[in-house]
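Take the two lone chains, each set in its own frame, and fit them into one complex as the hints suggest.
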Amino acid sequence: MPEILHKSDSRGPHRKAWWVSIMMAGCLLAVQPAFGNLQDPSQMPNMFRPASTHADSILHLSIFVLIITALIFVVVFSLLVYSIVKFRKRADDDGREPAPVYGSNQVELAWTVIPGLIVLVLFFATARVIHAIQGAGRPAGAIEVIAIGHQFWWEFRYPSLGVVTANELHVPSSDPSHPTPTFITLLSADTDHSFWIPRLAGKTDLIPNRVNHMWLDPNETGIFLGQCAQYCGTQHAKMLLRVYVDSPDQFKQWVQGQAKPAHVSDGVNEGRRIFETTACINCHAVSGTVAVGRFGPDLTHLMSRDTIASGAAPNNTENLRLWIQDPDAIKPGSLMPAMKLNERDLDAVTTYLETLR
Amino acid sequence: MAARSITLPAEVSQPIGTTLHDWFVTVDHKKLGILYILYALVFLLIGGIEATIVRVQLMVPNNHFVSPQVFNRMFTMHGTTMIFFVAMPILFGFANYLIPLMIGTRDMAFPRLNAWSFWLTAFGGLLLYFSFIGGNGLYGAGNAPDVGWFAYAPLTATTFSLGHSTDFWTLGLLVSGFGSIGTAINILVTILCLRCPGMTLGKMPLLAWMNLVTAVMVLLAISPLTAAQIMLSLDRFLGAHFFDTQAGGSAVLWMHFFWIFGHPEVYVLVLPAFAFASEIIPVFSRKPIFGYPVMVAATIAIGFVGFSVWAHHMFTVGMNSYANSFFTITTMVIGIPTGIKIFNWIGTMWGGKIAFKTPMLFCIAFLFQFLIAGLTGIMLSAAPFDWQLGNSYFVVAHFHYVIVGGILFTLFAAFYYWFPKMSGRMYNEALGKWHFWLFLIGFHLTFDFMHIPGLLGMPRRIYTYEAGRGWDIWNLICTIGVFFQIVATLVFIGNLLWSYFNGKAAGNDPWDAWTLEWSTSSPPTEYNFAQIPIVKSRRPLWDIKHPEDPDWKYE
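Respectively, the protein sequence lines represent chains L and B.
For what it's worth, the working numbering labels the leading residue of the first sequence as 1, then goes sequentially.
For what it's worth, the working numbering labels the leading residue of the second sequence as 1, then goes sequentially.
If you're looking for bench data, these hints aren't it; they were derived computationally from the structure.
The structure presented is a predicted model; accordingly, all values stated were derived computationally and were not measured.
Heads up, a few of these hints could be off.
What the hints assert, rightly or not - No more than 20 Å apart at the CA atoms, straight line, and that leaves these computed lysine to any residue pairs for SDA-like: (1) B:LYS553 / L:ARG88; (2) B:LYS353 / L:PHE87; (3) B:LYS31 / B:TYR527; (4) B:LYS504 / B:GLU555; (5) L:LYS89 / B:PHE356; (6) B:LYS353 / L:PRO98; (7) L:LYS340 / L:THR351; (8) B:LYS545 / L:ASP246; (9) B:LYS433 / B:VAL404; (10) L:LYS89 / B:LYS536; (11) B:LYS536 / L:PRO100; (12) B:LYS433 / L:ARG88; (13) B:LYS203 / L:THR351.
For reference, chain B alone in the conformation it holds in the complex (with noise of 0.2 Å):
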């Protein structure tokens, strides 16, 4: 390897001014990832905060803490910032700084268009946020959107929402979707066209496929509601009558183009998860993936079967029978592709020699948590338990299981993964491991609980609610959970910042992994690789490293 790798020119030190202004004009697939991660991780702390309030306001039945307005303004701004200025632009960093590296060239297939996609979707969430000064418009009333994420009509009518603040929510999502439809271009071309060479698609890493498949559901499902917020926004700026009801427009039709986008979404932030899982695991077993064709074909068929789904969002909406039963079946059928990649997961940890690093250990808890919204989810996809369940704490329970058990948790495996390869230092594994175990033990706290008073007939998005409904108990221990994921989370951000100054050099491969990443410096220099590497299996560096047992002869 010693003739690919890159050794790091003497650190010139040049003038705070310069190193802000390089980061500012960057066209660097890398720095753009970085710049793509804090700035999610900005937001990550913002939408904890807003999360904290609704669930300090829930904690006992009758507080008083904030008022109804504000419980509205920070439900909303809680999913909205989650989704679209967290979890998307958090896993489009990753995507930005692994892909070109793991499959072994210089940079994006388009830095500018790169740049651009990252500026726009930062912008999109100032805007977002400039609600909370500018949303109140002439009229005096609210600011800081207050129709929940999904926004639906007729709330979002002029009539309902006086002032700016859906104004403020529907440009912000316009403008970070076109900034997530442009990195999405890139990911695709890249990844299509940029492979070095022996890399075909049969020997692409998984996190290069899964995000390929993201990239095309991003362009399919953006659109609808990129779509839909010019025509909510021609309703409310130029009297146009698509979702105004009183106008005779439609407010199911909202709801459509919001879950055409809104369900895809959900596998655009859950396949980047999957491609993590699908690096570390097999990593830290010491093992090739279990089945890599069956896992790609799995991934596309969540793909695909993604896109016909939508609808079990709208069981209550009353829908004819038939139209029940189609997205029963077809929400039910997913289930299958996803079952088989937790069994692949499994059978790559099965017969290896599982190191419980952070990262695995992250892993690992996705695996149960994941295995736990997967059983969740076929239950809300029978129609008639769906009309109990819909709307309740059960599916926010259900969701947040997916999002914080299933994608947050890969997320958090993939920091302490690619850390060393980011920074060029170890994180601190005590630490690492401090966060683990508190923000398990904080996530179980609020999220296994909180299905229960679902089940009980609590409905979602309540500011607040009555004694005596069996309900109590469990939105306490919810909120008790909630501290210790701060808690965590601030051990998590003590951990980055305390390594990045103090921790050991990591080397270029400090988990002995597979990929083309751990082939150059830590942290890559610019363009990554001195030699465009040549490659024969999905696991160049085993070849390397094993000349006498190559992958290349039984694949």
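Bound conformation, chain L alone (with noise of 0.2 Å):
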């Protein structure tokens, strides 16, 4: 993220990175194939490659609606360049006008029922796969958990776990002989958002003053990227959902450490009372603590996310630092206010968050 870096500087640079910008983006479409190979296909957000019942019964139907289009596509399109080809006025044209025709009621009947057929099948193929998805049961293992949309983050609550998280959504990978699905719960705080894992769900809106639900059930581990996609305010963009889907034993041991209280080391009192005396527990919360605050992300465990802001960065101490100092550096508009703190408090308390593990 060296980008991030240097966000702070004036407008000035940024011109000059825009050009340079389209002049790498040139050299980059040249390479293309060998820059392809560099990036993870994991890692994208790619709904032909679902990991999960819900995702693979949406890419089942997709395949079969795309197959009866792409059949449409062909006939009409032949239909069309042959009329087009066929029927073009040659260039030793006798100047008399083509015989008039106005109708014919056995062709309009054809093009009439035939494409009422198609959307008759269309319509039960995706009426299953809407009922099969909308009305799964709720196995005994079914993991609950409560989304809630911010602007511009996500808030994780596990409530029979008694787990409190952010951004990174932790569930455990689910096996069809013992499913372990994750029931999630979806809530708004404050505008629209919409919660979307190509690779393992469709997507739900999560609506202030409305309770919506969705499943998912991985079945292979990993890590998948999502993020909001409801137009929720100026972050829209960075609002960056990642769903880490564990193995059962590993998503045990993860609950485990996330139950427990703040970790309290030594040698960090400093940062610990800066933090404890500024605006920071307004907003946020340290289990165990003073700190209480609901309106941003549950700081308990802090390090054991690999991201901060909403995935907008990686989670480590310089990240955190100019966070703190100057948020807009990394998400111009997100709510976190700068804190203004001197440079001494700022590594305090950067030091402090960095034993919240």
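The following block contains the structure:
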């Protein structure tokens, strides 16, 4: 993320960076195959590589719809091309008007009834999948999560496990013989948001004053990326979403770690004092301390997360410090205020936060 | 025809002030039609600049061309401008200009209401754009609306939208909405009451039929939007709580209000586009429209079913499975009458002698593009597929395929087809073809490749994205296409200007066409016809040109 670190500069270099980026993009275009290999395909939020029953049944339906529409396309496209080529005005045209044809009931009937039958087939195939996904039963081993959308981050609460975290959702993988799907209750604290992890499930909105539900049952472990899919304000773009699918054992371990109160270390009392006596605690919670704010992400186990600012930057010392000092440098328009601490206090708070494992 | 055409009086030069005054106070349907069209063209350029800013920002990952705040204003203003201040007025402009001429009457039913509606619409656009200056209010909050063109609650609540940008959005749409309602009433009454002798509903040009259905749809669709805008203003100024979720209001209620307007609006825009195609394709294929009664029936069916599909914009808001199934089937069903239309246009070309003049080229491209737009529409109508594709760049590509590939292409066709009638001059055919091919390349570069990042998980309305998600290359291609479209649009504007001053005289009937507007002079004089025509068939000029083989014997 070198981008982020110099973003607090004046606007001048950005213009230059823009032109440079155009040229670089041009070069990338030329070396695309090589560049393509550098990307990790499992990190791409590609709906054509489903990793759950939910996403898989959507893909099956989608392929069916794609095949039908492709067939329609081929037929109509060919008719169009044929008529344009065959009935073009020739160079040796005799200037006579072609015979007028006003219509034909048989032909009209044919191109009404056949599309009607296609629609019926498509509808029944679709309705089956709608009911299968929306009417899925809830087996005994299901995990319950409450996801709350905020401008511009995600709050995840596991009420029966006593865990509260943010932006990085952990769920167990689900073995078809002993399914452990995750059922998510979707709420919003402010504006509309939408929860979308293309490889695991289609999107469902988080709407204030409304309770929505969705579920996923991942069948492979790993990190799955997505992001908010309903425009929710200035930083909609950086309301990123990461789902960590753990093996059942890893998940159990993760829950045990998260359910503990905050880790208390010696030697960071100064940072902790500053944290607890400034506005930090108005919004953030650290369990077992006086910090019980709910407007921002829970920081009890901050260092167990890979990213900060809802996936906008990797969670490392530099970014953490920059985020406290000037959030706009990472995510302009985010609701975290610049804390205006002096350098010493900034270092102390950063050091304290880094002990919250 | 000599008896019915009027010789133009010798041109009298008058001071520019008098000319401007004439245009300002005119109640003539042709002048108002041209005012609508010119007004919309200005906004087309503005909306195009906004789109360009959006595309340049997205050209490469992690771009810093504009700030997120500016980006959000640009896509909001782009969408609002293009729908309410380009597409609607330009289509009303053509309807205004053409309908009285095509049904053989001297003006719209209510000329003063017509002028009133135009100036209301014009004022609405100015109000919206005044937000760039006045949107700050006393709060020092951002200017220009940034809530998206469908302005979902509660982003529009005073909590989330400080200042007056949202108020200018609301008032601009409210005011121009009244203008649209006025014009819709005018079109409806004109078509129902002022047709020339002999022109029964069944002998009316398809353009009139489709605008008739459009007018009814405008009345039914704009009303809920107007109601919603008033409710939103009550929320913002008087502390009502219709959509204010923090006080128990409903965000979903706004969605229903907006989309019961928003989806019929798509057909409000696309039916006049169908109308242009239904007039132009027969003339350049030298054949009457295939299956006229079926075309009329399909139009009415679209108008009817178009009002029962709105919640397919809301498949992800958590409706139950029965509601999702209902809106799936209604949305799929609307593909049937639309498909019938495409088949009938093919039927019209079948066995004809197709002349590839610029208007026909745009219509043929429209046929291909509308086919694809319809098929991606079917994909989106399957609710589970939509759970993946909804609100992604796939949707953005889909509706631009409809609005640009469908509506704008037929609009360009209409411009070239009726330009000789409106100006009295022929356009430059070579420049017209340059415009066509450049725009076609630009359109396909931008909007074909825009489907792919959507399939790969790129949501709409994000001002930036990270590299490595497989979206980079597609976004770059999309942006390159924009520059082709810009050049093509400049060629188009240049062609209009050059031809207006230097084009060859067009004569009354340059296309050897069959509807009544071609029987009068180009441009038509005030009151259009010295003598009201009498018609016997759907192609009155064919009957006159071919007295040995008139249409009325067979229809």
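- [ ] Against the earlier hints, flag every one the structure doesn't satisfy and list their numbers going up.
- [x] 1, 4, 8, 10 and 13
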